[in-house]
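Protein chains in written order, with this note's numbering: chain A, 1 to 493; chain B, 1001 to 1493; chain C, 2001 to 2164; chain D, 3001 to 3164.
It should be emphasised that the hints constitute simulated quantities derived from the structure, not laboratory data. It cannot be assumed that every hint is accurate.
[Claimed, not checked] Some chain B residues well away from chain A (every beta-carbon gap over 12 Å; in silico):
hint, residue
1, Asp1080
2, Glu1192
3, Arg1204
4, Gly1308
5, Pro1323
6, Ser1400
7, Ala1477
[Stated by the list, open to error] Using C-beta positions, here's what the derived DEER-type ranges look like:
hint, chain 1, residue 1, chain 2, residue 2, range
8, A, Gln433, C, Lys2115, 38 to 44 Å
9, A, Arg380, B, Ala1448, 44 to 50 Å
10, A, Gly29, B, Arg1267, 45 to 51 Å
11, C, Ala2146, A, Pro248, 28 to 34 Å
12, A, Glu207, B, Ala1430, 57 to 63 Å
13, A, Pro136, C, Gly2148, 37 to 43 Å
14, C, Ala2146, A, Glu56, 18 to 24 Å
15, D, Arg3069, A, Gly350, 43 to 49 Å
16, A, His221, B, Ala1430, 31 to 37 Å
17, D, Gly3061, C, Glu2009, 48 to 54 Å
18, A, Glu207, C, Glu2051, 44 to 50 Å
19, D, Gln3109, B, Glu1056, 31 to 37 Å
20, A, Ala102, D, Gly3061, 52 to 58 Å
21, A, Ala153, C, Arg2133, 16 to 22 Å
The model shown is predicted, which means the values in this text are computed figures rather than measured ones. Built from N, CA and C at the ideal position, the CB exists for glycine as well.
Given next are the chains, with one letter for each unit.
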Amino acid sequence: MTAAPIRRLLVANRGEIAARILRTAKAQGIECAIVRHAAEDGGLAPQLADAVIPIEGATPVAAYLDVTQIAEAARRWGADAVHPGYGFLSENPALARALDAAGIRFVGPPPEVTELMGDKISARRFVAERGFPVAPSAIEADDPGSFARRALAVGLPILIKPAAGGGGKGMRIVRSAEVLDAELAAARREGERYFGDGRLFVERYVERPRHIEVQVLGDQHGNVVHFGERECSVQRRFQKIIEETPSPALDAGTRAQICEVAAGIARAAGYIGAGTVEFIYGADGKFYFLEMNTRLQVEHPVTECVTGFDLVAEQLRVAAGEPLGYGQADIGFQGHAIELRLCAEDPAQGFMPATGSLLVLREPAGPGVRVDSGVVEGQRVGSDFDSLLAKLIVHGRNRSQALARARQALADTACLGVATNLDYLDRILAHPQFAAGDYSTAFLDEQAAELGGAAETPPTALLLAAAALSDGHMVAAAADMPRLYAQMGAWRN
Amino acid sequence: MTAAPIRRLLVANRGEIAARILRTAKAQGIECAIVRHAAEDGGLAPQLADAVIPIEGATPVAAYLDVTQIAEAARRWGADAVHPGYGFLSENPALARALDAAGIRFVGPPPEVTELMGDKISARRFVAERGFPVAPSAIEADDPGSFARRALAVGLPILIKPAAGGGGKGMRIVRSAEVLDAELAAARREGERYFGDGRLFVERYVERPRHIEVQVLGDQHGNVVHFGERECSVQRRFQKIIEETPSPALDAGTRAQICEVAAGIARAAGYIGAGTVEFIYGADGKFYFLEMNTRLQVEHPVTECVTGFDLVAEQLRVAAGEPLGYGQADIGFQGHAIELRLCAEDPAQGFMPATGSLLVLREPAGPGVRVDSGVVEGQRVGSDFDSLLAKLIVHGRNRSQALARARQALADTACLGVATNLDYLDRILAHPQFAAGDYSTAFLDEQAAELGGAAETPPTALLLAAAALSDGHMVAAAADMPRLYAQMGAWRN
Amino acid sequence: MKKIFRLGETEHACSLRRGAEGMVLETETGPLPCALQPLGAARYRISAGEEQAEALIARHGERIWVRLRGRTHVIDAVDPLDALAAAGHHGGDGAQAPMPGTIVSVLVQPGAEVKAGQDLVVMESMKLEVTIRAPHDGRIAAVHCAPGDQVPLKFTLVSFEAAT
Amino acid sequence: MKKIFRLGETEHACSLRRGAEGMVLETETGPLPCALQPLGAARYRISAGEEQAEALIARHGERIWVRLRGRTHVIDAVDPLDALAAAGHHGGDGAQAPMPGTIVSVLVQPGAEVKAGQDLVVMESMKLEVTIRAPHDGRIAAVHCAPGDQVPLKFTLVSFEAAT
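Extracted from the complex, chain A is given alone in its bound form (with noise of 0.2 Å):
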């Protein structure tokens, strides 16, 4: 690759991740488009962009999937590099090669290096050959006659994985060998509709473990370092929901322990741009590998705050053939840092996506308070794509301080028009087992009945007042003000 600085950036992504790669690129003097979906409604992004570059697709996902369109589009505008952000094309080595044969940087790891990881299988070996931990495990395509056998044979509960998967897609838990087929059949759709690959494996499934990744970084001239580690364990259905670092498991030996294995994997794969190793964590001390995530995590501003690194400026810098220019010993620890992901979801309705217009939307603000917000007020918001609407990011000078921002950031919060599990996220904070740093991927299920919220109880007289005095109907019959009711005609929202 050349070592020009980067002058023409193309974002192939949307929402928040789009936001805050345009305000880093922008803060740079790059010039900045963006691609755009119609079924994409406002939204914070193309306000950032310089460019909005429209893009079709027999879905608006498939648009955001398909190579062919968005290399082009990069290779009209004049893009010099494009940046993936995360999901989407981010881990398809195709697009990759697709803007090298036109000339265009790709801001990510070199494809070969995404193949390597993209594959949890191939991935897994490479790991485990070079002798860092892995799981016991059965994979289908060594012999796949004999798969559902073996996948038994490696003890329940086993964990199912499509081979190609990644954030928890198409992941399934198997407790009974009743249910495996049934489960099997499930998994192998999801993951060729999200990844066009129906290959499975599975794992041996660690009771309550944590999950823990580290952040990693490598240049062109071949120097890797770590930003330290990211405690995930707070997930729903294998989707993060509240990611801190740093984490509350670890002592400093087994954080240098498994920050230093992370950086070694990346070593060992030549690794190049921002990465991340995840790792399982049992309640016994003992990590294992996990996967290998070769692009920038949604949770990265954790280890922003608290390294004071601009992780999407790091990964430009490498992108232009810039070296590091700085070690491990560099690299600093100041504080705790904890993310809060605002989803449009209803836990009320057992967390299906929710859909609505942002009719009134509040950001908190502050010391030690980030917003990471992909939507702005008025937008509607649809299901075309996956439900994360902002991050509410917090720094504080220890765990304690963080916390007590994150739940302060989140009264000083409103989204009213959607659903969302903004209060869920309150309740989760207010948690003893949260508070002490006690939890492990099992916190959410095992805590679903108090973390529902159902002893709360609404203070009703207060908004039984409030539904009848903002009815313009209700009002002008009982008032019969024709003054009132025109007052009351500002409710048409």
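Please build the complex by placing chains B, C and D on the supplied structure of chain A, with the hints as guidance.
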């Protein structure tokens, strides 16, 4: 003072600093009240407070300066502590005494210390006697009759200061003997109006000096630490506009020296709470004591960004009688921070205070961006209080990243309906002298022409089109379409 | 004018009248003096009897959103007549979409006999696959969706014949 | 319908007419096809001739605020007749308040002869003291303010007798 935790806090201030204090106090679970004069229309702070206590006065400012009324409000509401913010009663020992008499804690130093440092004359004497450098001066009180003569004897140019002054109020530079009497009279009038004390003194005025200050903190147990320096040389009429830390002017040696001198002065004074020691730093590398502010500074957030400490939280801990619990070595510094003061001042009208309604208000966000705002969209901005609307604070890994983020933050900000210095701030950041960190307190005056923006040519065609097409009558007259006219009705705002 | 406000699981029949000093809300539990003072930017001061609070309020049709004391509340206003109508057939006569989304596959045909819990339709929303199962035993009267269809929340995907 | 838009120091006489494909702005420099497309939340896409840009726009009476390409612009719309009227007496007949604020002291009486630059009134706003001086030699006709008065921007504090 007692060592009990603070449970009910009255914030005796307004605007952005009241909101900022409320956020930290509320995050700690402290119940908070705020005082408000009727002239305060809307604003963010009252929304954040648990209770709002109305206060009255001959003028709105007088209400916030009314010691008896504030102390009584605190007593009636059952506050166990009062935070004065900055300005108003923050440096008035009478409030601390009145509260002490009522068994209520004052979040600030003991009245004796405030008195010592509040009187510029006794302060400089105290500091000089302990061997810290001060500038040549003449003090009116020593012999009022000969003051004018002695003032000239100091050697022009000289700086007139109210003995009880602070924040540049009533300060005037005198370069020619003719205007001396007039300027002395004006300074005396202002001193009487703002500090109820017309006594003056003059100091030799150092040409093209830098204004560098050091944040200090002491507890009730004799511990005193510093949190590094702040560069505050970007000033208009002695009013700071942009502050940053670390100072681009200091090398490591001088930095350590000036910070230790500041901590030394605080120790000598038996200082308790958060305070700031201000220095004049000459082109020759020499620095001398200017004054000590016995309160939280407007620009404290830049220090919070690089140290990770919440200075308001530390003030509350100290007021509660807790020991600091950390030493100088525990205070680390990470990256570079810049603060921009967004003020309701019209650069096109000689920076006259501007009033109006905040028709549109957009605040920046994203990595390394913090906004301490006191206003909300839709509220009125009057002429009753000072012109500070909000502070934009950016934090970067180094000065160039902080500067880039600052310019991006300004670009993402909008304030329509009230004239502000928003664009002026951007022209300062864009000036090569600021980019190089090579500026003195004379910078803004010396570069006034260039910073005036006369060189910028407005996009006239676009602006005229916007003006005409947003005019309901013009559109209706031209299009003669009732529908369109109705649509334009939305313009009544 | 009477309205029923649904708040979570419970419904409250309310009406508003003008009292001596302001509005009075008539509820099952008796009359409640109340007021709503606009503070600008969707912010209001609500008072009901002795209680007072500031809140953010937004309306969308007959749905009211209230952000109050760090919690978000949704109240649905229903006209008593609509409520009556709805009570008639409680959606028990079919399987409805639990979320807006896209139909992945339909696993039953009209006329088929199904058992409670049997898979009927697989749909997908925001990359999440969900299988809709039969709420009870019965015979399929009609299928109202096909793979690829976009369906709204509570859309009836499959309807059952009335049990005889 | 003709209007004069004041932009900084310069004034532009403009009128709007309906053209073949949309609105056309008639300016001194010729016709300009233009359009204004609302994008929601005070955001608009402006096009004028070849130029296009997104901007935030707000109106307050006859004053238009535009945030465009990182700069804030203020345009004042004046009716040609008002402009004519204003041209008549250019405030040269008195000393006006350069800012909204409070009168601290008045230093002249009606009938007094003053020289250009002589102190007339001391006023204060946002803790900033400013002395208003005589714009030219002349005799004071009337004083329209007293210490303690709150006065708006451009309020005529002192008026002069017409020079004879």
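Hints versus structure:
1. Asp1080: Fine: 19 Å to the nearest Cβ keeps Asp1080/B off the interface.
2. Glu1192: 37 Å, holds
3. Arg1204: 39 Å, holds
4. Gly1308: 5 Å, violated
5. Pro1323: It holds; Pro1323/B is separated from chain A by about 16 Å at its closest Cβ, greater than 12 Å.
6. Ser1400: 10 Å, violated
7. Ala1477: 27 Å, holds
8. Gln433/A / Lys2115/C: 38 to 44 Å: 40 Å, holds
9. Arg380/A / Ala1448/B: 44 to 50 Å: 48 Å, holds
10. Gly29/A / Arg1267/B: 45 to 51 Å: 46 Å, holds
11. Ala2146/C / Pro248/A: 28 to 34 Å: This hint is violated: roughly 50 Å between Cβ atoms.
12. Glu207/A / Ala1430/B: 57 to 63 Å: Distance hint for Glu207/A, Ala1430/B holds at roughly 58 Å.
13. Pro136/A / Gly2148/C: 37 to 43 Å: The hinted range 37 to 43 Å holds for Pro136/A and Gly2148/C, with Cβ atoms some 40 Å apart.
14. Ala2146/C / Glu56/A: 18 to 24 Å: 23 Å, holds
15. Arg3069/D / Gly350/A: 43 to 49 Å: 47 Å, holds
16. His221/A / Ala1430/B: 31 to 37 Å: The hint (31 to 37 Å, Cβ to Cβ) holds, given that His221/A and Ala1430/B are roughly 34 Å apart.
17. Gly3061/D / Glu2009/C: 48 to 54 Å: 51 Å, holds
18. Glu207/A / Glu2051/C: 44 to 50 Å: Hint holds: Cβ distance 46 Å, inside 44 to 50 Å.
19. Gln3109/D / Glu1056/B: 31 to 37 Å: 34 Å, holds
20. Ala102/A / Gly3061/D: 52 to 58 Å: Holds, at about 53 Å.
21. Ala153/A / Arg2133/C: 16 to 22 Å: For Arg2133/C against Ala153/A, whose Cβ atoms are near 31 Å apart, the range 16 to 22 Å is violated.
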